[in-house]
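Novice: Respectively, the protein sequence lines represent chains A and B. With positions in the first sequence counted from 1, the corresponding number in this note's numbering is that position plus 2. With positions in the second sequence counted from 1, the corresponding number in this note's numbering is that position plus 27.
Keep in mind the hints are simulated off the structure, nothing from the lab. Here the structure is a predicted model, which means the values were calculated and not measured. Even glycine gets a Cβ: it sits at the ideal position worked out from N, Cα and C. It cannot be assumed that every hint is accurate.
[Said to hold, decoys possible] Computed from the model, here is a short list of chain B residues facing chain A with C-beta under 7 Å:
id	residue
1	Lys75
2	Leu91
3	Glu93
4	Arg95
5	Ala96
6	Arg99
7	Tyr100
8	Ala122
9	Glu125
10	Ser129
11	Asn134
12	Phe135
13	Phe152
14	Ile179
For reference, the chains in residue letters:
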Amino acid sequence: MVLKLHGARMSTCTRTVAVVARELNVPYEFVDVDFAKAEHKSPAFTAVQPFGQVPYIDEDGFKLFESRAISRYLAKKYAGQGTKLIPTDPKDEAVFEQGVSIESSNFYPHAFGFAFEKVFKARRGLTTDEARAEEHLKTLAAKLDAYDVILGKQKYIGGNELTLADLFHLAYTQFLITLGQGDLFESRPNVARWWKEISNRPSWLAVKDGA
Amino acid sequence: MVLKVYGNPASPCTRTVTMVCKELNLPYEVVVIDFTKGEHKLPEYIKKQPFGQIPYIDDDGFVLYESRAIARYLASKYANADTAILYPSDFQGRALVEQAASIEAFNFYPSVYGAVSERIFKPAFRGQPTDETRLQEHLSALNPKLDAYDKILDTQKYLTGDNFTLADLFHIAYSALLEQAGLGSLFESRPNVARWWKDIAARESWLAVKDAA
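Turn these sequences into a full structure, and let the hints guide you.
Specialist: In structure tokens:
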């Protein structure tokens, strides 16, 4: 049975799983979750994903949610095909884990925080707090200075090979760029080099406008 | 060479790492970084941890930071037959740990950190008053998340099933701070969360580090 990806086409986290599946040459069937009808908050949905969030996968009855957990599962299970996305050498794997954690602790909160103020709040009928949006940008800028140092010493955020840690940055970086914040990345030479490379991978080009 | 943990006894992320060491019966030495004096922002420190955050480890010359990455590395390297259950290697078992660890990082930690920051870190370390509006926002975000936790823990003992894993462990240090911040009722009011918290907070490995890493 082909892997089923339950999500929303433009959802950042759904596109993250889609790009990973494509890197691994894992075919999937996209199953749309109807946000307009609040399907993600329905009892049938929350029975699988108690937080009412997308995406989740269903692989022959094995259901899993949290895009980064799904990505890790696919990368380990399908390690023999497509791009190697998690190193096997223990020290390389540790540096990969460090990269994944850098994304979740240092990048995501501020990328998400900015997007929340500028876009998500409006969708919920709330007003943007411009001061908070600025705060997130300021913090993100300082974090990206550290990224520029790291990427001056190693090719990718998880070491010298491309890993999931890099792919986890794709959706929100693209979001920030569409919100006019591309300069955060362009103005830092190593970050710019890294971004140009990962954002031009065919797997991302195939899903960036819809999983 | 004994594992060196560069951190601070008062730091929750340092305690996460040392608790993992205790779970694995792995000897370690804490090298104290005095964050109140800004030691974590000095050039010497930044060379090892470019974000100026604690902790980092030095395992015989191998330097690693980010407490959740360190935990996974130590569990993978130093687990034996008894402790391998903390971070299983079969595909589905591992996936369930990563699912619960991701829940912690994205559904639990941001709001808990925010609330603890308002109630404890700001007044104690940054000379700033609690912003009650922001505190309420964090609590409003956290409450429905903890309802989901209560639902998950209604049918299983731990976050992934029958066994205590790194995913449960990642919640402990900040949950203790939530209690310290006078917000323990968030857990107490939810029977399954309360049961789970009481169990994991009683682990010997936590008791050994909770007050001093």
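Novice: Have a go at the B/Lys75 hint: is there a Cβ in chain A nearer than 7 Å to its own Cβ?
Specialist: Result: violated, 12 Å to nearest chain A Cβ.
Novice: Does B/Ile179 hold up as a contact with chain A if the rule is Cβ-Cβ below 7 Å?
Specialist: Check passed: Cβ of B/Ile179 comes within 6 Å of chain A, closer than 7 Å.
Novice: Taking the least C-beta to C-beta distance, is B/Phe152 closer than 7 Å to chain A?
Specialist: violated, 17 Å
Novice: Grab the minimum C-beta distance from B/Tyr100 to chain A and call the hint holds if it beats 7 Å, violated otherwise.
Specialist: holds, 4 Å
Novice: Verify the interface restraint on B/Leu91: the C-beta must sit less than 7 Å from at least one C-beta of chain A.
Specialist: holds, 5 Å
Novice: When the nearest CB of chain A is found for B/Arg99, is that gap smaller than 7 Å?
Specialist: Status holds, d = 5 Å.
Novice: Under 7 Å, Cβ to Cβ, is where B/Ala122 needs to be relative to chain A, so tell me if that hint holds or is violated.
Specialist: Holds, because the Cβ-Cβ distance from B/Ala122 to chain A comes to roughly 4 Å (cut-off 7 Å).
Novice: B/Asn134 was flagged as interface toward chain A. Is the shortest Cβ-Cβ separation under 7 Å?
Specialist: holds, 6 Å
Novice: Once the shortest beta carbon distance from B/Ala96 to chain A is found, is it less than 7 Å?
Specialist: Hint on B/Ala96: holds, closest Cβ of chain A at ~4 Å, below 7 Å.
Novice: May I ask you to test the interface hint for B/Ser129 with respect to chain A, counting a Cβ-Cβ separation under 7 Å as satisfied?
Specialist: holds, 4 Å
Novice: Under 7 Å is the threshold here; is the Cβ of B/Glu125 close enough to any Cβ of chain A for the hint to stand?
Specialist: holds, 4 Å
Novice: Would the hint on B/Arg95 be counted as holding, given a Cβ-Cβ threshold of 7 Å to chain A?
Specialist: holds, 5 Å
When held up to the earlier numbered hints, the structure conflicts with 1, 12, 13 and fits the remainder.
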